[in-house]
Each structure stands twice: as structure tokens, then as C-alpha cells.
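*Asks:* Sequence:
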Amino acid sequence: MNSPQNASPSPLKVYSFLVLTTFFWGGSFLFNKLGLREVPPVHFVFIRFSLAALIMLALCANRLKGMTPDILRRGATVGVALGLTNLTFVFGVSGTSISRAGILNNMFVLFIPLICALVWRDRVGRVNMAGIALAVAGIGLLASGGAGFNRGDSISTLCAAFIAIHIISVSKVLRNDDVYLISLVQFVTVATMSGIAALATGAPAYVIGTTGALSLVYCAIFPTVLCFTLQNNYQGYTTPTRAGLIYTLDPVWSLLAGIIFLGERLEAREWIGCGLIFMAVLAPLLFRLLLERRLQERYKG
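Using our numbering, you'd call the opening residue of the sequence shown number 1337 and step up by one each time.
Just so you know, these hints were derived from the structure itself, not from any lab.
Misleading hints may appear alongside valid ones.
To be verified - Estimated spans, in silico, between C-beta atoms of each pair:
#1 1453 - 1633: 23 to 33 Å
#2 1456 - 1543: 43 to 53 Å
#3 1536 - 1408: 23 to 33 Å
#4 1566 - 1540: 31 to 41 Å
#5 1611 - 1409: 17 to 27 Å
#6 1536 - 1373: 15 to 25 Å
#7 1345 - 1409: 27 to 37 Å
Glycine included, each C-beta is placed from N, C-alpha and C at the ideal position.
Let the sequences and hints guide you as you build the complete structure.
*Replies:* Okay, here's the thing in C-alpha cells:
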């Protein structure tokens, strides 16, 4: 019998913390948008992940003796994917509305089976293909509404592909490693990548005001250190499908933040396009959830 200390958390606790991560991730769209008004994109990523690395270093200082060359190698490999994700994220958010960026970033769910099919010859499946077709239709409507499908939208779509690559790399590269040390290595890798990019590209002189400083602190703590820790600790207590369904809340929060705090508005075509993309992501996840339940019923039978 498990002791109380080793007992699994209740489903309510697991789902509550995972929903909380989507709230902080969704809020990062707003704070990135505000912070990027004062800080150039690459510099924003560098400062954010440098702060996150320092915070994580303080949290896991007593674990550093467990650092191994394998953890460094695997963490750095996954960190490169995370770095590409965050660099494309800031350029995407700076070039489009956070409402559209949130919806487009969520397409990572559709990119995962496509990438697995291209690299490992996995079968995409009719449901995923239907989702991809819906997403293409939604992007077409986004392109025909508002300012059209602009550079920021294109980069946000590319960011979704890098999010998928990061998720795949986590499952393919990482082993039963210390999640805190792996996170630390990832944060240091992203800070190093963005630091090199900042030195290479340069930037005009800028001053970080109160809004920029608060945005950097928020992004370093909540959607980075806290969300990584919560996700690593609680996602294992549910299925990937149910976790994916919860994570579809991300664009809901970013959409609400854009409307409430930035006064963003979408035209009718853009609403329909966003709706189609949202359904494109949601439908395959719901289908997988249905399959899971049927398998559970058969097993119980």
C-alpha cells in the first residue's frame, strides 16, 4: 500500500494545476507583446531565459552533484528546439495580434503527426488529415480577413512547428532524468542561443521601463520556471490526450487577453478562421479521447 507521501495526487489537483499552466502560458502572449514594445525580440528572449536559468539554479543547487554529461547533452539537444521555439515566438507575436498568434501556435498538435510521418514514417491517419484540412481552410479565412496573412502570422505558424519539434524531442531524447536539471540545461541553452544571436545582430539602444521589467519577470517566472515544473510534475498523472485537450485552453486565454487588455478585434472571417483552426486541433484530440475510453471499457469488460 502506498504511503500518504507517495500517493498519487487527485485528478482534481492534477487538472487544476495543468489548467493553471495554460493560464500562465496564455498570459505570456500579453506580457511578451507589452515587453517587446521596449525590448528587441532577441534581447527579450536572452534576458527572460537568463533570469529563468538563475532562478532554476537557485531552486536545484543541491541537485547539481547529479549533473552528468548525458544530462548536459540531452538537455542541450532539447534546449535547441526550445530556443528556436521561443525565438520564432517573439518575432511572431511582435508582428501580429496575440489573438491570431495564440490560435496559430496551437497548431503544434497537427504538426506532431506530420513530422513523425516525415521522419519516422508514422501513419498520419484520416482524422489528423481532416484536422489539417480544416486548419488550411482556417488559415485561408485568416488570410482573407483583417490585414491578411502577414509576416507575423507566418512566423507564428513556423513557431507551431518548432513547438511540435520540441515536444517530440522531449519524448525521443530525454530519459528518466532529473526534470529540474534538464530544465536548467534547457534554459541555459536558450539563453546562450539568444545571447549569440543578440551579439550577431546588434540592436538600437533601448531602455527597459517598468512595463518591460514586469513583463520580463512575469515571463521568466510563470510561463517558464513555474509552468515547466508543474507540467513535469503533474502531466504524468494523466494521458497525453487529456493533457492535450487541457492545453487547447492556451489560445482562449491569449484571445481574451488581446480583447480585454489590448483592444484587439477580429472581423467575422477572422473569427470563423480561428474557429476552424481551433476545431482542427480539438477534433483529433477528442477522437483519441473517445478511443481511449473505448479501450478502457473493453479492458474492464
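*Asks:* Would you mind marking each hint as holding or not holding in the structure?
*Replies:* Okay, the hints, checked on the actual structure:
| no. | hint | result |
| --- | --- | --- |
| 1 | 1453 - 1633: 23 to 33 Å | 29 Å, holds |
| 2 | 1456 - 1543: 43 to 53 Å | 48 Å, holds |
| 3 | 1536 - 1408: 23 to 33 Å | 24 Å, holds |
| 4 | 1566 - 1540: 31 to 41 Å | 37 Å, holds |
| 5 | 1611 - 1409: 17 to 27 Å | 43 Å, violated |
| 6 | 1536 - 1373: 15 to 25 Å | 23 Å, holds |
| 7 | 1345 - 1409: 27 to 37 Å | 32 Å, holds |
Of the numbered hints stated above, the single one contradicted by the structure is hint 5.
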